[in-house]
Amino acid sequence: MLKAIRDRIRAKFEDYTTTTIEIVASATIGLIVGAIILYMFGYDVIRCYSIVFTKGVRDINYLLTKASPIMMTGLAFTIPMIAGVFNIGGEGQLYVGALTSILVAYYTHNILLAATTGALAGAGIGALIALLKVYRGVNEVITAIMLNWTLYYIVLYLITNIYYDPTIPHQSIPVPEDARIGYIASPWGSIRATFFIGVVLALIAYYVLYYTKLGYLLRVSGLSPRSAKYAGFDPNKAIIYSMILGGAFAGIGGALLTLGYVPYIDTTMSIVFGQGFTGIGVALLGRNNPIGIIFSSIFFSVLIIGGQMMELLTGAPPELADVLTGVIVISLALPYAYRMMISYVRTRRMIQ
Amino acid sequence: MIEDILSILSNTLIYMVPILLASIGEIINERSGVVNIGLEGILTLAAFTATVLTFTTGNPCLGLIIGLLVGTASGILHGVISVYLRGDQIICGIGFNAFAYGISVMGLVTIWQQHGASPPVDTLPMITIAGRYSISPLTILALLIAVIAWYWLFKTSSGLKLRACGEDPHAAEAMGVNVLRTRFLATILGATLAGLGGAYLAVGWIGQFTRAIAAGRGFIALANVAFSNWNPILAILGSFIFGFFDVLSTYLQIKVQAIALTYPLKAIPYIGTLIVVATFIGRARMPKALGKPYIKE
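Chains as they are written, first to last, in the working numbering: chain A, 3 to 354; chain B, 334 to 630.
For the record, the hints were derived by calculation from the structure and aren't laboratory data.
Just so you know, these numbers come straight off a predicted model, no measurement behind them.
Cβ coordinates follow ideal geometry from the N, Cα and C atoms, glycine included.
Heads up, some of the hints might be wrong.
[Claimed, not checked] Covered stretches of chain B (chain A as the covering partner; in silico rule of three or more C-beta atoms under 8 Å from a C-beta of chain A):
no., region
1, 343-353
2, 565-575
[Stated by the list, open to error] Examples of chain A residues toward chain B, derived with CB under 8 Å:
no., residue
3, I62
4, N63
5, F88
6, V136
7, G139
8, I144
9, T152
10, I156
11, T162
12, A339
13, M343
Kindly produce the complete structure, drawing on both the sequences and the hints.
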């Protein structure tokens, strides 16, 4: 009995160690490759990195506000991922959520209604991707990317031709003052409630995934669709539910962005662009765990803000953040390699 | 009217090339069991390097070659990770897309101090037909490659061995095929063709690098692979259809002359692709072991 418990603790501990090694190694590889590329392009690597990691964390409010939407798009990738579906449509789902929230907030001045409709809009797009996969056999990756581009242009059309701000050119109508997310006092100054809403939602996602029947259905279907079928679950249902949930989270990400950060969408789409794709990196670095995602969203927020500051001070392009994301994601695709490495080190130690 | 139709058709032969090359490449590696969704990234990175080399040397042929080699290098990376290190192929592809976009735009900003597009560079000469319609020599090359790839995959024994690796790798191994090596080489070949497509995009057709130069073509090629049922000959038809949507979008933007409609018209290639794929894909049968790492017993 005691031995069994001890073994279980040891197994858990080993799990955590492996995960930690994976995360740290991936981030390190990312930073090293980033350094090599900065050096190749002739920038001062040490100065760039020190700016990223000092200026990136200077303004806690800004840091956490920027982390919130990518935390949501991270969840938008993770929930379907756990059910075995790749939702790379977080980008388009966030666009739709952002625009819907702006419109509802503008016309009703009701913040809760705005956020809810934003979530529903995202969920609708998620559902469309899932339905095409289940009933038409279209790969979700293809649908998602085609929808991302389509929605990009549709949102642009709507904010330039119908819902534009007549007083300020190149902007959509704004979220009215009385429908914006407020601040909460904290020891680090006042912080927008956006981040705390995000954390609560992430915790809810964790609860749903690990403590409810729905979460169980998603996890079983993701691990083995065949066993899910034997257990009487319909894996197709898992695909649809997980994409609806994922889409809803991306939609809320859009709502948090417009209700709690920049109250409009500009015609360069710079405010919404890339939030969904960054979410994929956030999800993977958070090891597809909602709690891990809270922390990894802050890490990516540092990279993004730090990248902007780096551009301001040294002229090095902020796309460094994309390079780092890319390399980190590639390194995270390699759990087998890390496990091999760990067992190699361990056997070496045993021999000695 | 007939003029318009003819010019749309001849433009389609120019627009379809990157999609076709990337599709053939992807068909080859997917037939061997490796999926590479990093096509978009390969197109971008190859277009960027081709532009840089053409800009410095003034020779678009060199640009084409470097783009091809960048494709090869990307294929080696993806091959090592997905075949030998048994990494997750989709995640690796997603990461590569972000990486390739990031490094290309960093290069764009660093080399030319431009955030949107590079200065124009020389392009490969076009072949003029009937005095007014032009097609690229790469169009002919891509069509040839499609036919060769089809013949190789379906009519030769090495092609059969490659397909066996994607259908049932254990049976292939028992037959004496080196599954890991076959998959690795197929991945490299596939990515090389995508690299050629990317280089063509910049120095064979558009004549400069822009940050959104790939514009989803990598994913349209992925859609085309499923649409064509993993058959290079059918991929020609698919590329023609998807390339046609692209031409139609550009043509209507010029013809309609309504600024308000620019954005909806720009969405045509993506909506069109989605509709075609959702309508026709139903019966497609993908290679059985696609995307699953092969573990030797």
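Structure-based check of each hint:
With 0 residues having a Cβ less than 8 Å from any Cβ of chain A, the region 343-353 of chain B misses the three-residue criterion, and the hint is violated. Coverage of the region 565-575 of chain B by chain A is violated [criterion: at least 3 residues with CB-CB distance below 8 Å; count 0]. A least Cβ separation of about 27 Å between I62 of chain A and chain B goes past the 8 Å threshold, and the interface hint is therefore violated. A hinted interface residue such as N63 of chain A counts as satisfied when its beta carbon comes closer than 8 Å to some beta carbon of chain B; here the least separation is about 27 Å, so the hint is violated.
Among the interface hints, the one on F88 of chain A holds; its C-beta lies about 6 Å from the nearest C-beta in chain B, closer than the 8 Å criterion. The criterion of a C-beta within 8 Å of any C-beta in chain B is not met by V136 of chain A, whose closest approach is roughly 12 Å, and the hint is violated. Look at G139 of chain A: its Cβ gets to within about 5 Å of chain B, closer than 8 Å, so that hint holds up. Using the Cβ-Cβ criterion of 8 Å, the hint placing I144 of chain A at the interface with chain B is satisfied: the shortest such distance is roughly 5 Å.
Here the hint on T152 of chain A is kept, as its CB sits about 5 Å from the closest CB of chain B, short of 8 Å. About 6 Å separates the beta-carbon of I156 of chain A from the nearest beta-carbon of chain B, less than 8 Å, and the hint is met. At its closest, the beta carbon of T162 of chain A sits 7 Å from a beta carbon of chain B; the interface hint therefore holds under the 8 Å criterion. Among the interface hints, the one on A339 of chain A holds; its C-beta lies about 4 Å from the nearest C-beta in chain B, closer than the 8 Å criterion.
Taking 8 Å as the C-beta cut-off, the interface hint given for M343 of chain A is violated, the closest approach to chain B being about 10 Å.
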